[in-house]
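Asks: Starting from the structure of chain A, add chain B where the hints point.
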Amino acid sequence: MGFFDYLKSILKIFQIKKTVRLGLYGPVNAGKSSLANKISLDWLGEEMSEVSKIPHETREIKVKEKVKIRSSGKELDFNLIDTPGIATKVDYEDFLKYKLSKSEAKKRAKEATQGVIEAIKWLENVDCVLVVLDATENPYDQVNVTIIGNLAARNIPVLIVANKIDLKSANIKRIESAFPQYNVVGVSALKGTNIENFYKELFRTVR
Amino acid sequence: MLRLQIIPHSEVANLTSESKISKVLRIAKNNRIILLEGRLSPEEETLLIERTMSNIDRRFKGIEICSIGDSETRDLVKRIKRGLAQFLLGVGASGMTIIGPASIIKEIKRDPDKIELLTKNVK
Numbered sequence: 000m001g002f003f004d005y006l007k008s009i010l011k012i013f014q015i016k017k018t019v020r021l022g023l024y025g026p027v028n029a030g031k032s033s034l035a036n037k038i039s040l041d042w043l044g045e046e047m048s049e050v051s052k053i054p055h056e057t058r059e060i061k062v063k064e065k066v067k068i069r070s071s072g073k074e075l076d077f078n079l080i081d082t083p084g085i086a087t088k089v090d091y092e093d094f095l096k097y098k099l100s101k102s103e104a105k106k107r108a109k110e111a112t113q114g115v116i117e118a119i120k121w122l123e124n125v126d127c128v129l130v131v132l133d134a135t136e137n138p139y140d141q142v143n144v145t146i147i148g149n150l151a152a153r154n155i156p157v158l159i160v161a162n163k164i165d166l167k168s169a170n171i172k173r174i175e176s177a178f179p180q181y182n183v184v185g186v187s188a189l190k191g192t193n194i195e196n197f198y199k200e201l202f203r204t205v206r
Numbered sequence: 000m001l002r003l004q005i006i007p008h009s010e011v012a013n014l015t016s017e018s019k020i021s022k023v024l025r026i027a028k029n030n031r032i033i034l035l036e037g038r039l040s041p042e043e044e045t046l047l048i049e050r051t052m053s054n055i056d057r058r059f060k061g062i063e064i065c066s067i068g069d070s071e072t073r074d075l076v077k078r079i080k081r082g083l084a085q086f087l088l089g090v091g092a093s094g095m096t097i098i099g100p101a102s103i104i105k106e107i108k109r110d111p112d113k114i115e116l117l118t119k120n121v122k
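Residue numbers (numbering that gives the first Met the number 0), protein chains in the order written: chain A, 0 to 206; chain B, 0 to 122.
Do not rely on the hints blindly, as some may be mistaken.
[Unchecked claim] So the derived label-pair ranges between C-beta atoms look like this:
1) 15/B to 135/A: 37 to 43 Å
2) 153/A to 14/B: 34 to 40 Å
3) 34/B to 62/A: 27 to 33 Å
4) 155/A to 34/B: 27 to 33 Å
[What the hints assert, rightly or not] Partial list, derived from the structure: chain A residues whose beta carbon lies under 8 Å from chain B:
5) 88
6) 112
7) 119
In short, the hints are calculated from the structure, not lab data.
Being a predicted model, the structure only gives us computed values, none of them experimental.
Virtual Cβ for every residue (Gly too), placed ideally from N, Cα, C.
Just chain A, same shape as in the assembly:
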């Protein structure tokens, strides 16, 4: 390796370090896209993903590059990666309840299965992960355990975001006791509740 190649590889390392590839992972309908939108809106002034009550709204990876976030006097560049929700089953008949036609439901189911596979493959391309969980749901779901176990196995820093804390049945303590070795921050991505604290925890996790 010549001197210039050596210099280039050093610069490349710094280039990778400069922008943090931040993945948003979690089960279906936990609010990953709502949180991605909140972050994008706060720092770029525009949303990045569509949200809906119909499961599997996000069926492909969405990336927003060069999102400059500032917190506690520090500044970091992020590439936000919004991923489809991880699931172990997809039944097109579940979509019929949301008044989708049979062909639309089947198409959505097919795309949803591909989305899950894509999301898993993208685990290779993230530096840090926000595991977004619905604070009103049981955190002991195997999907949550699998995602967090995988990130631990890959030594990827994790911040657990307990979303939907504006709802009465939200229970952050339950999430904290399910995953005691991780930092958990409660937010409402939709209403922006506790979002400043979320950014502080994010910087603490990335560091």
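Replies: Relative to chain A, chain B alone:
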């Protein structure tokens, strides 16, 4: 009628992850609930999800899965200690994994200490 299939650790211990997952999926697609002795590694769990998604069609809607007991660890000292204990006590692997087809299992609810397996009405 619910059909259960027990897979002892010895039956999968020497299989590659791919073979282990293929075996589990084959049984689940045959409408059986699997009681697997031991736990899948995190990598095997994601491989199982990937393969499950690839296999979803008109008849197979996916799986429900739940693991209980000690998780796999990368800590070599812990693995040696666990292996030694298992050898001395003559047991295969710690923990248990329940996997079943989503067409039969509606939901597996897990709390730290108990598992509730809710099934659908099957003929």
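Asks: Are any of the numbered hints broken by this structure? If so, which, sorted upward?
Replies: Of the numbered hints given earlier, those the structure breaks are 2, 3, listed in rising order.
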